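Asks: Line by line, the protein sequences give chains A and Z. Mapping of the first sequence onto the numbering used here: residues 1 to 725, in sequence order. Mapping of the second sequence onto the numbering used here: residues 1 to 532, in sequence order.
To be clear, the hints were calculated from the coordinates, so they are not data collected in a lab. For clarity, every value in this text was computed on a predicted model and none was experimentally measured. Among the clues, some could well be false.
[Said to hold, decoys possible] Straight-line Cα separation of at most 30 angstroms, DSSO-like style, residue types lysine-lysine; simulated pairs:
| hint | chain 1 | residue 1 | chain 2 | residue 2 |
| --- | --- | --- | --- | --- |
| 1 | A | 612 | Z | 202 |
| 2 | A | 717 | Z | 202 |
| 3 | Z | 264 | A | 717 |
[As the list claims (entries may be wrong)] One side only, chain A facing chain Z, incomplete, derived with CB under 7 angstroms:
| hint | residue |
| --- | --- |
| 4 | 136 |
| 5 | 189 |
| 6 | 632 |
[As the list claims (entries may be wrong)] According to the in silico footprint, chain A covers these stretches of chain Z (three or more CB under 8 angstroms from chain A):
| hint | region |
| --- | --- |
| 7 | 177-190 |
| 8 | 280-289 |
| 9 | 353-362 |
| 10 | 446-453 |
Built from N, CA and C at the ideal position, the CB exists for glycine as well.
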Amino acid sequence: MFFMAERSFAQEVQELRLGAGEEFRGEGILAVTKGLLQCGVAYVGGYQGAPISHLMDVLGDAHEILEELDVYFENSASEATAAAMLAASVHYPLRGAVTFKSTVGTNVASDALANLASGGVLGGALIIIGEDYGEGSSIMQERSHAFAMKSQMWLLDPRPNLTAIVNFVEKGFELSEASSTPVMLELRLRSCHLHGSFTAKDNIKPPFTLREAIENPQRDTSRVVLPPASFLHEQEKVKERWPAAVKFIQENQLNEFIAEKDKKVGIILQGGLFNTVNRSLELLGLSDPYGNSQIPLYVLNVTYPIIDQEVLRFCEGKDAVLLVEEGQPDYIEQNLNTILRRAHDSTILHGKDLLPVAGEYTPAAVTRGITAFLRKHLPEDINEAALPAVVLDDDDPRSPFAPRIAPELVQGRAPTFCTGCPERPIFAALKLAEREIGTHIVSADIGCHLFSINGPFNLGATTMGYGLGSASGSAFNAKDTDKRTIAFMGDGGFWHNGLTSGVGNAVFNQNDQLLVIVDNAYSAATGGQDLLSSQADNPLRSTKHSIERAVRGIGVKWSRTMTNTYQVAKMRDLFKEALTTKEKGPKVIIAQSECTLNRERREKPIRAKKIKDGKRVVRERYGVDPETCTGDRSCIRISGCPSLTIGPNPDPMRDDPIATVLDSCVGCGLCGENAQAAALCPSFYSTEIIYNPHRWDKTKLVFRQKYIGFLQKNIEKQRVGIDVA
Amino acid sequence: MTVTESSGPAPTVTRPITMAIMAMGGEGGGVLADWVVKLAEMNGYFAQNTSVAGVAQRTGATVYYVELLPKPTSDHRAQEPILSTMPTPGHVDIVVASELMESGRAIQRGFCTPERTTLIASTNRVYSMPERTAMGDGRIESQEIIEAAKSSAKRFIRADFNKLALDNGSVISASLFGAIAAAQVIPFTREQCEDVIRTGGKGIEASLATFKAGFDAALASERPVVGLTIGTRPPEVKEDGPDPEFERKAIEDPTSLVGPKLQKCAERIFNDFPSQARYMLVEGIRRCAEYQDVRYAEQYLDRVAQIAEFDTTPEGKLTLESARYTALWMTYEDTIRVAFHKTRKVRFDRVKKESRATESEMVQIREFLHPQIEEITDTLPTPLGRWLLNSKPFRWLVYKITNRGIKIQTSSVWGFTVLYLLAKLRPLRRRSLRFGIEQERIDAWLTTVVSLAGSPAGDQELAYQVCLCQQLIKGYGDTHANGLRNFNQIIDYLAQAAKSADPAKRIQELRASALSDETGAALQQALGKFPS
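Based on the provided sequences and hints, a complete structural model is requested.
Replies: Okay, structure coming up:
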């Protein structure tokens, strides 16, 4: 068993070896990695999380190439760890890059980032953030822009194509070094998974290595955040680093002017929105698929800082400009207003007055905004007779949004636990325990286990951040009640910070809560990366560190490890015990079973090979007897497994659909366990299919078939004369 | 072939071909998108493919978006195209939906529009959580989505692409790829598509077979149906309700539907009952005879006859539903019935077929039982059952044995013997504790229905609604107990309901609230809302 990430990039990483002039084809994430290697990066770290999980996975799978190039890579314990790692670039000309999900990861990293940005860097420091905003996002909707502003780090938001992204990896390092400032490279959700191509360059080894740094320690106390240096840093930021950055950005033309003087109006946009804006103009007949816009465009591939001179240059001679800035607050719009006002420039600035104040800038939103802008300031260029359908009013029957289907026919499809997920039985057991001892306050955490908040479990009321499940229940520590609260935390969150922020906190403050640590052996929600407590033998990382030993070590007295979460009745009884025991202080249950997604990925090929080789293999799957299922579906309401669904009722006297098990069943056993623990119904059965049975199996089978066949004839006598012969 | 904007302001400009793939995480949408990209790149096109990742992929709805643009031949445009990372509503050429409700989502989001879109949808359903967890029938009507899709797409290609994939030992991405090839909206040949599949690693043969099945099904889907009524198609989704042939026979000659033992009962159905209820009554006598004996079937007809006598509802719906629910109640789920069905040969054959095991592979069946003490005492003769139910040592013994549930391997000699012997207890059932209780309950309920329907100030509609309340009593163990409790509460409420303006409607509402949640809280609230 070896690094079991959800997706293996073992094949794709070979693209990283491409030399100058060769064409690279692949996903955005892989392109960024290639970009880093072309820049002579010395070290890389990060914490997984969509949309940059694959970046970490690619780096993990590329360890051979990284070793050849003297690049150090680590799976950081948290985003704070990753950001602190950039300290290596403070005193040494080392290029370093870290990556994480944003804004959540940036929140965690912000202490280290603020310190890093205060003292500044010598070697290029690049923070690659996966901006998890808009459709498909799993987090609160905020902008990373604020972090760039508050700590004064430069923010790059390149056009979403591979050439631009790779180019900005390189320019990012150069900008960082030219201005002694860390640089954030923002990758939008879709850019990460963008398939495209670019022309590669040769990889280069870091000119200065980590070994050289270690063997020749340097220190410069003016770079340390300690008074009085910290006061000087603030001055340095605005007096030296800012102007240096502006100079670099202008000289290298990082921002783009397209058709600059062609019209009396223009559009200023974030680089990341370029393709969407171009598509909108295309639909209005004002651009083509190659980006040859007829409307002047000023493309901000650098969204922080805004270059005053460039803004004024673009606005010169224009009646009005439209700013297309996604998300809120409208930081750039405020900035542009200041720039224009200070310069007494009378160009009218439109932005969130014509575009949505909040929410993703989809092609529909942008096309409508641009249309409104042009109608105001350039009506002659709008062909009202041939408007794209998307700008028509919603009540126009030609509009794509005209109601064509009854809303109730399209139900939400929230993410949920996979088929066979070992976390499902934990919540089924808690549901059953609560039937007996009542409901409790449940604090949820970040991870797949958060799906418990949806049906059918409907458990969990808050989620305050990764590893903070326990902490978010800490106020409920009233001494005048016997009732306890329940907190959930994943193994990922536990090692990220939960051990101290949650468990240590509960021990120290004598909190009586029950903490359930869901240990599925991976950081599963982010794609199945290994952790300290993973059970895999990972030659590159130290694993198999027990969670129970860790919590005991920090002072927990009552802890139990359940090594098979599928035993629902046992799990239910354990919950009841933990919620009623006289023992004081936090009660910790470590609910341990391997993520099925990862297990199946590993086991399936092995099983297939065994069957092919003629070895005896037993596969289990579950089923429901349609004759005895009455269609009440109590079983689904404590499971929700995608493979346990409904089907037509074969009983001619009943109409309600019955439960049925799909072929996708992996035979996890929960159906049977639930049926027994909840005393549901006798309709569930498991089928064991024996491939390549032994001779003894076959002998038994022959005997049984004879015996059972004989009795079955007898059973059928009951029905003689009922049916037409 | 390049698609040009026909209604747009710049008709000469080539625009990208756009494709949105609506799928659920882990369902092969990504594989399909990758194939399309590869297809395009192998044949002189630019291609861009994007999707959103993260937790949405854990079985949630996701959209994969692909744009294709021919590479220009003239040099002055040798630049890279600017392709969109998101679909624009109203401007999507092909929508591929791997499931029927997802095609509805494409319509709702404006991706699928009548002016432009070719919709390729798989008609199979992956039920949503609310549909699956509903206490009654929460399924949405597939036919309604199909009707909406017909008027929302320029072309609508549909088939059960999931079944085609399963039948050919592959996954839905392959059959959908076949349908894309057949639709000819993207300018590539069938052979070019097949070549893309051949570049893949595993299961190429199965993928190609599935591709072919998808290709053929897509062509067949758009072929006009020649028949008596031009333009209509055979129903694509099986309608609920009885088989028309069975219903016709039940009306004209019920005796032709039953064996020799039930001939007399069938004659009685023909002579004494309205034609609309006959198919249900035929099912009812068969069910009761199988459950107990012919005498029980006769008793069943006696019971329904009481109601038929007074039934003046339109189309005899009261008799029809009484026929249904009396039979269901009379054949209540007890251990003997379960054992009978679990040991039948038809069941063994079905399980084996379901497991897709070949002749050389062996199949073993294991049951998960959790007999409650009541379920044991229920099947015993009344005095013994009652005595044991109150016996502490017996209760303790049963608890010790069954507390964690019992697993029985029905395919083994001992396991089968146990269930066989249980099934053979059938003759004892008439003398069992539960049998007596259930008969009393059934009679009480029917008396109520009859008194409502038959009294001078009778309310047929109310009688009908009370009759339907039997629907609440189903399942086993706690589920059964909860259902019975809800049923009793509604029956107890009858006197109060009778005073309201529309008693039938009130009972209907109460039944709906009892079906809306498991705990009975909604029913309590509904009962509280209408105090007498």
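Asks: If a hint holds in the structure, say so; if it does not, say that too.
Replies: Okay, the hints, checked on the actual structure:
1. A:612 with Z:202: 15 angstroms, holds
2. A:717 with Z:202: Roughly 50 angstroms separates the two Cα atoms, so the pair is violated.
3. Z:264 with A:717: 20 angstroms, holds
4. 136: 3 angstroms, holds
5. 189: With a closest approach of 6 angstroms, the residue 189 of chain A hint holds.
6. 632: Holds, about 4 angstroms.
7. 177-190: violated (count 0)
8. 280-289: holds (count 6)
9. 353-362: It holds, with 7 qualifying residues against the three required.
10. 446-453: Violated: only 0 residues of the region 446-453 of chain Z have a Cβ under 8 angstroms from chain A.
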